[in-house]
Amino acid sequence: MKAKGKMQKARIAIALCLSIIVGSLSASAQSDGSEQNKTGTPGTFAIVGARIVTVTGAVIENGTILIRDGKIAAIGTNVSVPSGAERIDGKGLSVYPGMIDAATNMGLTEIGQGANATVDISEVGTMNANARAIKGINPHTSHINVTRVNGITTVLSHPTGGLISGQSAIINLNGATQDEMAVVADNALVINFPRVATGGGFGGFAFAQQAAAPDVNAAVRRRDEQVEELKKIFRDAEAYLKAREARQKDPSLPLVGIDLKMEAMAPYVRGQRPVLLPVQRERDIRAAVKFAEDMKVKAIIVGGQDAWKVADDLKRNNIAVIYTNIYSLPVQMDDPYDYLFEVPSKLQQAGVKFAISTGNDGSESRDLPYHAGLAGAYGLSKEEALKSVTIYPAEILGIADRMGSLEVGKVANVVVTDGDLLDPRTNVKYVFINGRKLPLTSRHTQLFDSFKDRK
Amino acid sequence: MKKITAFLVLNILLLGSLGGSVSAQAAGGSVLIKNATVMTAIRGTLEATDILVQNGKITRIGKNLSAPAGVRTIDATGKFVTPGIIDCHSHTMMDAVNEGSFSVTSMTRIRDVLNPKDIAIYRGLAGGVTAANLLHGSANSIGGQNSSVKFKWGKPVEDFLIPDAPPGIKFAMGENVKRSNFQPQGGVQPRYPRTRMGVVEVMRDAFLRAKDYKQSWDDFRAKKTKVPPRRDLELEPLVEILEGKRLVHAHGYRSDEHLNLLRIADEFGFKVATLQHGLEGYKIAPEIAKHGAGVSIFTDSWSYKLEAYDNTPYNAYIMWKAGVNVSINSDSNERMRRLNLDAAKVMKYGGVPEEEALKMITLNPAIQMGIGKRTGSIEVGKDGDLVIWNMHPFSPYSRVEMTLIEGDVYFDRAGDIARRAELAREREALERLEQNRPAGAGAAAPRPPSQFENGHLDDADHIDGGKR
Amino acid sequence: MRTKLILVLCAVFCIAFSSSAYGQSYAITNARIVTVSGPAIEKGTIVVREGLIFAVGANVAVPADAIVFDGTGMTVYPGFIDAVSNLGMPAAPQRPAGPGGGAAAAAAAAAAQQAPTSNSNYPAGLRPEDMAADDLRAGDGQFEAARAAGFTTALVTGRSGIFNGQSAVINLAGDNVSGMIVRSPLAHHISFATIPGGYPGSLMGTFSALRQMFLDAQRQMEIEKLYEANPAGIRRPAADRSLSALYPALNRQMPVVFNAVTEREIVRALDFIREFNLRGIIAGGHEAGSVVDRLKAQNVPVIFSLNLPRRTTSAAADADPETLMTLRMREAVPKAPAALNNAGVKFAFQSGGLQSLTDFFANAAKTTENGLSKEAAIRAMTLGAAEILGVDKQLGSIEVGKIANLAVVKGDVFARDRFVSRVMVDGKVFEFKEQPRPPQGGPRGPGGPGGNPGGGAGGPGGPSVAGTYNITINIPGQPLPATLTITQQGNTVSGTMTSQLGTTAMTGNMSASGFSMSGGIEFGGSSITIVMQGSVAGSQISGNIDSPQGQIPFTGTRNP
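Chain order of the listed sequences is A, B and C. Take the first sequence: its letter number 390 is residue 390 in this note's numbering, and every next letter is one higher. Take the second sequence: its letter number 289 is residue 289 in this note's numbering, and every next letter is one higher. Take the third sequence: its letter number 376 is residue 376 in this note's numbering, and every next letter is one higher.
These are computed hints drawn from the structure, not numbers from a lab. Keep in mind that this is a model prediction, so the values were computed, not measured. Accuracy of the hints is not assured; some may be wrong.
What the hints assert, rightly or not - With a Cα cut of at most 27 Å, we get these calculated DSS-like pairs of lysine-lysine:
{"hint": "1", "chain 1": "B", "residue 1": "Lys-290", "chain 2": "A", "residue 2": "Lys-455"}
{"hint": "2", "chain 1": "B", "residue 1": "Lys-211", "chain 2": "B", "residue 2": "Lys-290"}
{"hint": "3", "chain 1": "A", "residue 1": "Lys-91", "chain 2": "A", "residue 2": "Lys-71"}
{"hint": "4", "chain 1": "C", "residue 1": "Lys-335", "chain 2": "B", "residue 2": "Lys-155"}
{"hint": "5", "chain 1": "A", "residue 1": "Lys-452", "chain 2": "B", "residue 2": "Lys-245"}
{"hint": "6", "chain 1": "B", "residue 1": "Lys-155", "chain 2": "C", "residue 2": "Lys-225"}
{"hint": "7", "chain 1": "B", "residue 1": "Lys-117", "chain 2": "C", "residue 2": "Lys-296"}
{"hint": "8", "chain 1": "C", "residue 1": "Lys-225", "chain 2": "B", "residue 2": "Lys-226"}
{"hint": "9", "chain 1": "A", "residue 1": "Lys-353", "chain 2": "A", "residue 2": "Lys-231"}
{"hint": "10", "chain 1": "A", "residue 1": "Lys-315", "chain 2": "A", "residue 2": "Lys-242"}
{"hint": "11", "chain 1": "C", "residue 1": "Lys-225", "chain 2": "B", "residue 2": "Lys-117"}
{"hint": "12", "chain 1": "B", "residue 1": "Lys-321", "chain 2": "A", "residue 2": "Lys-455"}
{"hint": "13", "chain 1": "B", "residue 1": "Lys-214", "chain 2": "A", "residue 2": "Lys-346"}
{"hint": "14", "chain 1": "C", "residue 1": "Lys-225", "chain 2": "B", "residue 2": "Lys-223"}
{"hint": "15", "chain 1": "A", "residue 1": "Lys-455", "chain 2": "B", "residue 2": "Lys-271"}
{"hint": "16", "chain 1": "A", "residue 1": "Lys-452", "chain 2": "B", "residue 2": "Lys-290"}
{"hint": "17", "chain 1": "B", "residue 1": "Lys-214", "chain 2": "C", "residue 2": "Lys-225"}
{"hint": "18", "chain 1": "A", "residue 1": "Lys-382", "chain 2": "B", "residue 2": "Lys-79"}
{"hint": "19", "chain 1": "C", "residue 1": "Lys-225", "chain 2": "B", "residue 2": "Lys-224"}
{"hint": "20", "chain 1": "B", "residue 1": "Lys-211", "chain 2": "B", "residue 2": "Lys-245"}
{"hint": "21", "chain 1": "A", "residue 1": "Lys-429", "chain 2": "B", "residue 2": "Lys-223"}
{"hint": "22", "chain 1": "B", "residue 1": "Lys-155", "chain 2": "C", "residue 2": "Lys-346"}
{"hint": "23", "chain 1": "A", "residue 1": "Lys-452", "chain 2": "B", "residue 2": "Lys-226"}
{"hint": "24", "chain 1": "A", "residue 1": "Lys-382", "chain 2": "A", "residue 2": "Lys-455"}
Stated by the list, open to error - Selected chain C positions facing chain A (Cβ under 7 Å, derived; list incomplete):
{"hint": "25", "residue": "Leu-215"}
{"hint": "26", "residue": "Ala-316"}
{"hint": "27", "residue": "Ala-319"}
{"hint": "28", "residue": "Thr-323"}
{"hint": "29", "residue": "Glu-331"}
{"hint": "30", "residue": "Ser-518"}
{"hint": "31", "residue": "Val-531"}
Backbone N, C-alpha and C define an ideal beta-carbon position, used for all residues, glycine too.
Extracted from the complex, chain A is given alone in its bound form (with noise of 0.2 Å):
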């Protein structure tokens, strides 16, 4: 009998632990649980008198899309539903493309403070061409979850620092692997391009130009000694390409030794794929366009605040603009307040190429329709600011053929919704990645299931 109660008290005490462990952040830093992992449902799915909201075409009141094979298969107001289709009632509801952050860094890390084992965005050394998005994207991170149920189903995920920092990865947020999420496992070269780096700003007094300034000039040489060592790697990479390949045709020739890092570079320095330049001000951005001119390399700037100055400079060498600048302050005191909000539309009509993006490590890239939906509250139609997170970023990224619209033929990347997409009242009521019908539960929605109803 002693025992016994023993017993039930260790297995009481068991229960409470599991309890706590089931919220608490240090049992599951790294993985979130079998529920919101899950992968989805694979499927015919009918979603039958939707608003379609096709993004490339015009919008379909009453509509249906069909979803089957992973693909969309149809999509009008007069397609008939197969039998064994999943029929979806889509009375009140709107069908939108899903939505792609174009420069995030998902599931390369997860806590950035505090968790550093659970940071993997960095790579320690300048070049570092052979780092890749896709071997160190967690397929497991809260991060994607909690992203999807917001109705984003793509993003471009990419390392940073060093100066040539790695290669990105276009992943759809679902997948149990690396390989079942990767679009493109090795998109583009991310290069942390040179910046001219003045500094300055607290000091808080307005007589700090009594003490010595930072002297522009000299960052200014400094940032172009730097670009030079990039242009110094790219044109390092052609030669051992070369000697390489030559090699191969003629083992008479001296071997080479292998280098991954060099390996790496070829689409790159043959401007087969494109590089991600994230550059903010005019005059960085001025030096990314001259460089890729320079290296006749294919380049997209990545942040961009100023880049509707240069925009003849972008147009001509046809560079878009992965815009990251909604949730950020002006850098200059005497900008207007509203100058990083009108960026996307002064670019859309200086005819400039861009996507909006939230630039953000991956907790917060769920956030992009409200990035757009500023964008749209200064100056950008609310067609053009759901492009700029469909389509567009499509477009920018090469994956237009497949995503960002709902046409015929693209994957089946869906959203259904109660509402605006871009509108932070509206409800996301249907996910579907691939075809695959997701469950809307996330960390997030776990822990409020696990806590609604304490009394």
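Using the hints, position chains B and C against chain A.
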């Protein structure tokens, strides 16, 4: 209320700390806003309604009001009006955030380091913010004394202070207080406390010392002692807390820490005004409700540090449902500009009703700061702190058209845009002056004298710029 | 060779020589005399005897024993007063300008640590008992540049700390300190500085620490009174010389000078002055024009710094434009003295760290171009200053019985071609020979105001900065330790900095002022570009880190 007023008078006499604040309070403006959709944040949304503000106070709300002679009329047809947004956790306009030398710095005062020319104030107005709770950082168990301000951009600093706002103070627990992310190296002693255990003891020690301190004064006043005790600026604010005269705004993340603080408060017989951040408030919503503390949160920021990993955007809903007064703050010069969208989100996460969501950025923070009687909702008798929006403020496409404090216009989008050309001309003229022309050899223009370029999510971490 | 160099330097700079002893009588005749206290005498005589003004007027007889200086074509002014300066004070790291003071703050911290031990209850920098007169150095040589510009008197205080040291009014001649001092101590001087690595470590803390000290002093005074009346049953009050040094300030016997340049600083100083009912004075006062009403209401004089703000940076195509606030401020500052004058706020001029004292008069001229009368400007550097400092009974004007401090000037005192041919300090004569103007700037005397001999070594051709250093990055409230390794090849430097934030590789080069390197630092998953600028002196390294988030000072020592 009377108690508070009495205390303030005492404060002025004893400390002179509010010095300039009493003198310069202007009467406030008069204005008639016509034909707006008025979201009162207390009595629903009124269509096609007029609001009359006279001498800073709302005097009438109704239809077909006419402007008294000389009072400006603003046509708000098709527009929305809300109360001014109140940010219950801010470090805007502060020339210092943390006095990190000790873990108890209750003697420091934000009032001493206010910068009324911080451009972030204006940008906040452009996002509809009219008032803020300016808090010491979270480096210390017991930080400095707060300032409750209205964003009266362009006015002298003393005009910013809300005269009848009860004084407050910052507390903090957790990672920042125990200096988790700032390991000293090379033989430097770490600051005590280094654990959550120590944090609790530091707080208890401070309050016990404060009780002794109070006793020493009581003894002196009862003529039990000859020599007046030392005025101790560290302990005086703690005595005020014990006497219920000073509001505690306590930074924290983990629910156990919040509970520990509530227990300390119970032990020493005071009430915590707000749990700041409170990302795990939902885990202990019943306990918080029972204690009566408010919670001032981020709607959905999370995962930026270990402590923030257990947040859920349903936090607001669970606590609201449990009867907790919830406000949504920014802790950031950047985020401050879009608190309307943060409030909108709680309608989705759990389903907080629209008016309750609006309250979380207006009336609720006002109540938490002890200024709910004068501002935070659109009611006759309250301050004319109002925001005019181009459309429903929870729409992503909404934009502030005008922000008024006590009937005076402090932000006007049309005026701002119109002024830009004029400023460009002024700049051109100024740049021609000898003292503004470039010198011989050298360097760059200095950066603006603004303390914090970006805000920051977490106030002990201000080197990261906070864009996370 | 070395001697020769010194001789050449003397020919250029040290053109003053003294003549005769103090007891001698002199007469300056046929000069225009600006008495300041009364109307100017177009052609008159001043007689000086035993260091005092013996007679002055249009029809004054020259005594038989007097050495006569013909003042034809000259104007005689009361000797000019630099109303706050560091003249005669030992070279020390420059006082930090504020939280952004950077290298200066770091150097001040290093100096504070090296300061001799004290039995004060307060840390270095927070010791109101410190007296400038104790640190003052005697010797004529150090004042030559100041005298050559026409200055005969200065209020001097220390260069660092929150309490800079109780100041002294000194005459700018004398072989010993006691001979120089006119009055000491004169005032407390407070800077809104911090004590790096200690309390107060922030601007907030500075105010709390000061407030607590003044309160403690008030109480100490009361207890001392009680104890003196009847010591029985009262614990003897501690002998605290820091607190007792504040009694005269609390009793309004001694003024308290606040170094406050910006509007914010001035308002904060005014608040503190009101809080403790002090006899406050503002020093610096560049933005005093915006707060004249409060200055007037509180009857607080301003010792306005003629170190007028101007753009010091060159044009750079890629530079950010200057802020309107800065541009407007530079326009407004020269107008402040007129605003003070019009409002009836007492004011005086100080050199405020000007490199060249010639600029003192050129900048004073700018205030006259911005609404101030020339008479008022002259007054602000003579009698006005003496009044604010409370020495107007003996200094500041040309009146019988006053100290014979005179400046004999050829040409308009505000003009660039002005020449001071002679000054008299305590009746001692210093003569100057007119000489070709150096191409740039004015003479720089040793120990001249604002001279900062504490600059770092290690410029081009200087000692190498290479080495490994343990440094502390003084992020306010949370110092961050790091290891910095620098390698140097000619003018090129590169380095790595390792801290808990990671390792940052940097490259850059040397300049006259030290090294400058930049690199990227990872923080919270994003990359920030930082610029590290600093200098090495002996085994000490100090400087600033500039990042988009701000400027942060660092200090450290070289690992052996």
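Hint check results:
no., hint, verdict
1, Lys-290(B) x Lys-455(A), "holds (11 Å)"
2, Lys-211(B) x Lys-290(B), "holds (25 Å)"
3, Lys-91(A) x Lys-71(A), "holds (22 Å)"
4, Lys-335(C) x Lys-155(B), "holds (21 Å)"
5, Lys-452(A) x Lys-245(B), "violated (34 Å)"
6, Lys-155(B) x Lys-225(C), "violated (44 Å)"
7, Lys-117(B) x Lys-296(C), "holds (23 Å)"
8, Lys-225(C) x Lys-226(B), "holds (12 Å)"
9, Lys-353(A) x Lys-231(A), "holds (26 Å)"
10, Lys-315(A) x Lys-242(A), "violated (31 Å)"
11, Lys-225(C) x Lys-117(B), "violated (45 Å)"
12, Lys-321(B) x Lys-455(A), "holds (11 Å)"
13, Lys-214(B) x Lys-346(A), "violated (63 Å)"
14, Lys-225(C) x Lys-223(B), "holds (18 Å)"
15, Lys-455(A) x Lys-271(B), "holds (21 Å)"
16, Lys-452(A) x Lys-290(B), "holds (17 Å)"
17, Lys-214(B) x Lys-225(C), "holds (24 Å)"
18, Lys-382(A) x Lys-79(B), "holds (19 Å)"
19, Lys-225(C) x Lys-224(B), "holds (19 Å)"
20, Lys-211(B) x Lys-245(B), "holds (15 Å)"
21, Lys-429(A) x Lys-223(B), "violated (73 Å)"
22, Lys-155(B) x Lys-346(C), "holds (25 Å)"
23, Lys-452(A) x Lys-226(B), "violated (58 Å)"
24, Lys-382(A) x Lys-455(A), "violated (43 Å)"
25, Leu-215, "violated (27 Å)"
26, Ala-316, "holds (4 Å)"
27, Ala-319, "holds (4 Å)"
28, Thr-323, "holds (5 Å)"
29, Glu-331, "violated (12 Å)"
30, Ser-518, "holds (5 Å)"
31, Val-531, "holds (5 Å)"
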